[in-house]
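Enquirer: Here is what each chain is made of, one letter per residue.
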Amino acid sequence: MTDRTTLKTDPLVRIRGISKHYPVGRDAFGRPSAMLRAVNDVSLDVRRGETLALVGESGCGKSTLARLMLRLIEPTAGRIVFDDDDISKLSPRKLRPYRARMQLIFQDPFASLNPRMTVGDVLDEPLRINGWPREKRRERVAQLLAMVGLRSAHAERYPHEFSGGQRQRIGIARALACGPELVVGDEPVSALDVSVQAQIINLLGDLKAQLGLTLVMIAHDLAVVRHMADRVGVMYLGELVELADTRTLFSRPRHPYTRALIEAVPLPDPHVRPERRLLEGDAPSPLSAAPGCKFATRCPLARERCHSDTPALLETGEGVNGEPQRVACHYWKEADMGAPMTTAVAQESERYRLRAKLFQARLQALEEKTATQPVA
Amino acid sequence: MSATTQPMVQPPVAAPAMAAIERPGARVWRRFRHHPSALLGGTLVLAFVIVALGSPWLAPFDPAANDWMAIRQAPSAAHWLGTDDVGRDVLSRLLYGARASLYAGVLSVVIAFIIGVPFGLLAGYYGGLVDATISRVIEALLACPFLILAIAFSAFLGPSLTNAMIAIGIAASPMFARLTRGQVMAVKTEDYIEGARAVGASDLRIISRYILPNVFTPLLVQATLTIATAIIAEASLSFLGLGQQPPAPSWGSMLDTAKNFITQAPWMAVSPGVAIFIVVFGFNILGDGLRDALDPRET
Chain P
0 MTDRTTLKTD PLVRIRGISK HYPVGRDAFG RPSAMLRAVN DVSLDVRRGE
50 TLALVGESGC GKSTLARLML RLIEPTAGRI VFDDDDISKL SPRKLRPYRA
100 RMQLIFQDPF ASLNPRMTVG DVLDEPLRIN GWPREKRRER VAQLLAMVGL
150 RSAHAERYPH EFSGGQRQRI GIARALACGP ELVVGDEPVS ALDVSVQAQI
200 INLLGDLKAQ LGLTLVMIAH DLAVVRHMAD RVGVMYLGEL VELADTRTLF
250 SRPRHPYTRA LIEAVPLPDP HVRPERRLLE GDAPSPLSAA PGCKFATRCP
300 LARERCHSDT PALLETGEGV NGEPQRVACH YWKEADMGAP MTTAVAQESE
350 RYRLRAKLFQ ARLQALEEKT ATQPVA
Chain D
0 MSATTQPMVQ PPVAAPAMAA IERPGARVWR RFRHHPSALL GGTLVLAFVI
50 VALGSPWLAP FDPAANDWMA IRQAPSAAHW LGTDDVGRDV LSRLLYGARA
100 SLYAGVLSVV IAFIIGVPFG LLAGYYGGLV DATISRVIEA LLACPFLILA
150 IAFSAFLGPS LTNAMIAIGI AASPMFARLT RGQVMAVKTE DYIEGARAVG
200 ASDLRIISRY ILPNVFTPLL VQATLTIATA IIAEASLSFL GLGQQPPAPS
250 WGSMLDTAKN FITQAPWMAV SPGVAIFIVV FGFNILGDGL RDALDPRET
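Protein chains in written order, with numbering that gives the first Met the number 0: chain P, 0 to 375; chain D, 0 to 298.
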């Protein structure tokens, strides 16, 4: 269960041209009068063992993309390839074995657990569905609770007897029950207190290292993203506008929206008064299918071309370790104006340096392991 | 969670004093006990059930035995509630009549539940065309007044207590279907349903293990309140001659006979009328009390 993800080098998930359009309103003949483009033609790879963050403002399609990835909702168009198998057309029965291998952690720990089931039953469900024998299930439930820092006695209790952070631990345990390879977190910490957030983030990090998980994290909080993610994808109105490794993205954003997003982070220093170029204008309705860049209505660099030509997500250069930086902007060269104010000032804490060092050490250990093992 | 070691087992998180937290069942019972009207309703309903089941031992006379020497006698030491137009003991008939009311109330609600809830679950869970079809039928049935519908079904099935119960059950089922549908639609958007789907649970499993337990509380309250309605409906049908057939007693048929002697022998009408009132009142306040006690939002 632990090391299978390090054996192969191809992406764990390949998303190709995925779209999800929702019909909105009906005319007299029952035909939809408009389409809400929640996710529009997104292509993305999730590599084995990485932490990929998806960021963007509310309603930009991050959660929809995550649910499409797990096929919890049906795509309108496009393909999802999970570990070399196209899962976008499988029947629910055929999909079941894949369900055990990819899991979701929810945002709201108060809504994600069935209030009528004990914690033990909640964790038992995925095991039972996947045909684990009874004796092994009991053992596994106790093991899962221990993994997320709860006691086995907690299995008898109901979800309402736990705090938000504890419930999120239960949610994580449920996601890990069948030993998944891919875990998608839909803002797993944004509903928690800041002190608890840190605990859960550290827990996720530790579990990822122990179990060799691939994480996809949807997040609002750029500080969290910067801390956790290897790569970051920035979404705007259902489209992926920039994709790069974390360090490059924060130090050299090339999409004007990414820059605005990073610059909008408040600085915890009362003496710094950064000159913020706040975005003006409104986002276009997600119902409109007008050509051109979706960000053009708010973009400080927008010209005529931006309103007619849709920019493709193109490679614009290399970041850390030769990682390509992909940007969907006609004028990315103008947007690339060095480090954004907020990132330039931000200090790396002692704790962060420690964790970074640890992370690098782990990465190295992992690579050494891969090198000694034959590639399957 | 030290940064330098990688413990496979996380240290347990301090739990808030868990011993003090009640189980859901204990909390409901505590709230129920402290709800005076619920307790009164529960007592009335319990007494009604005991009387109905114990009527053969409690009744002083045979409820169907005529006594031509004691026709339309006012309440006395021998006949506490008087006698009717053919000399039968009103108290005995009242006690046996409770049985008809209990059967009619409980069994017709069980029938309504068995018919209505699955349709409501299907409509609410699957939505779309399934929902549209079921909902139109529900609406068509709800457009008819409940009692008119029950009379129609009862007349169609033929007059007997069993048929009256079936008729009442069918007539009450759209209410359950409608309520279930609405509850399911609210519950199915919850994250834990998506969580169940994410672990590969089948639709049947999601409906039975996740949705039904979470929509059950309002259904239970509705069932209690509908028993009251069904008791009135049974009395109405019996009053019209479509329910309990003579000489077996029912509160409705007792009223039917009594209406002819309302001035000469008012006791014949008063006792079944009061009995219906008390039992219906009992079920109604029990239903209200359960609603309060089972509501998880209050403490």
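For the record, the hints were derived by calculation from the structure and aren't laboratory data.
The reader is advised that the hints may include incorrect statements.
Unchecked claim - As a list, the in silico DSS-like pairs of lysine-lysine whose alpha-carbon atoms are at most 30 Å apart: (1) K368/P with K207/P; (2) K332/P with K207/P; (3) K187/D with K88/P; (4) K207/P with K135/P; (5) K187/D with K93/P; (6) K135/P with K93/P.
Unchecked claim - Which chain P residues stay away from chain D? Per the calculated CB distances, all over 12 Å, these: (7) S42; (8) L69; (9) D107; (10) K135; (11) L286; (12) P323.
Glycine is no exception: its CB is placed at the ideal position from the N, C-alpha and C atoms.
Enquirer: Can the restraint linking K187/D and K93/P be considered satisfied, given a maximum Cα separation of 30 Å?
Expert: holds (23 Å)
Enquirer: Determine whether the non-interface label on K135/P survives the test: each CB of chain D must be over 12 Å from its CB.
Expert: K135/P is indeed farther than 12 Å from all Cβ atoms of chain D, at 17 Å.
Enquirer: Grab the minimum beta-carbon distance between P323/P and chain D and tell me whether it stays above 12 Å.
Expert: holds (31 Å)
Enquirer: Could you let me know if the closest chain D CB is still more than 12 Å away from the CB of L286/P?
Expert: holds (22 Å)
Enquirer: For K187/D and K88/P, compute the direct alpha-carbon distance and say whether it is at most 30 Å.
Expert: Judged against 30 Å, a Cα distance of about 24 Å means the pair holds.
Enquirer: Regarding the pair K368/P and K207/P, is the alpha-carbon distance no greater than 30 Å?
Expert: Roughly 16 Å between the alpha carbons, so the hint for K368/P and K207/P holds.
Enquirer: Hey, is S42/P genuinely clear of chain D, shortest beta carbon separation above 12 Å?
Expert: holds (23 Å)
Enquirer: For D107/P, is the shortest beta carbon distance to chain D beyond 12 Å?
Expert: violated (6 Å)
Enquirer: Straight-line Cα separation of K207/P and K135/P no greater than 30 Å?
Expert: holds (23 Å)
Enquirer: Sort out whether K93/P lies within 30 Å of K135/P, counting only the CA atoms.
Expert: This hinted pair holds, its Cα atoms lying about 24 Å apart.
Enquirer: Is it the case that L69/P keeps its Cβ farther than 12 Å from each residue Cβ in chain D?
Expert: violated (6 Å)
Enquirer: Below or equal to 30 Å on CA atoms is what counts here, so check K332/P against K207/P.
Expert: Distance of about 36 Å is beyond 30 Å: violated.
Violated hints, listed in ascending order, are 2, 8 and 9; each of the other numbered hints is respected by the structure.
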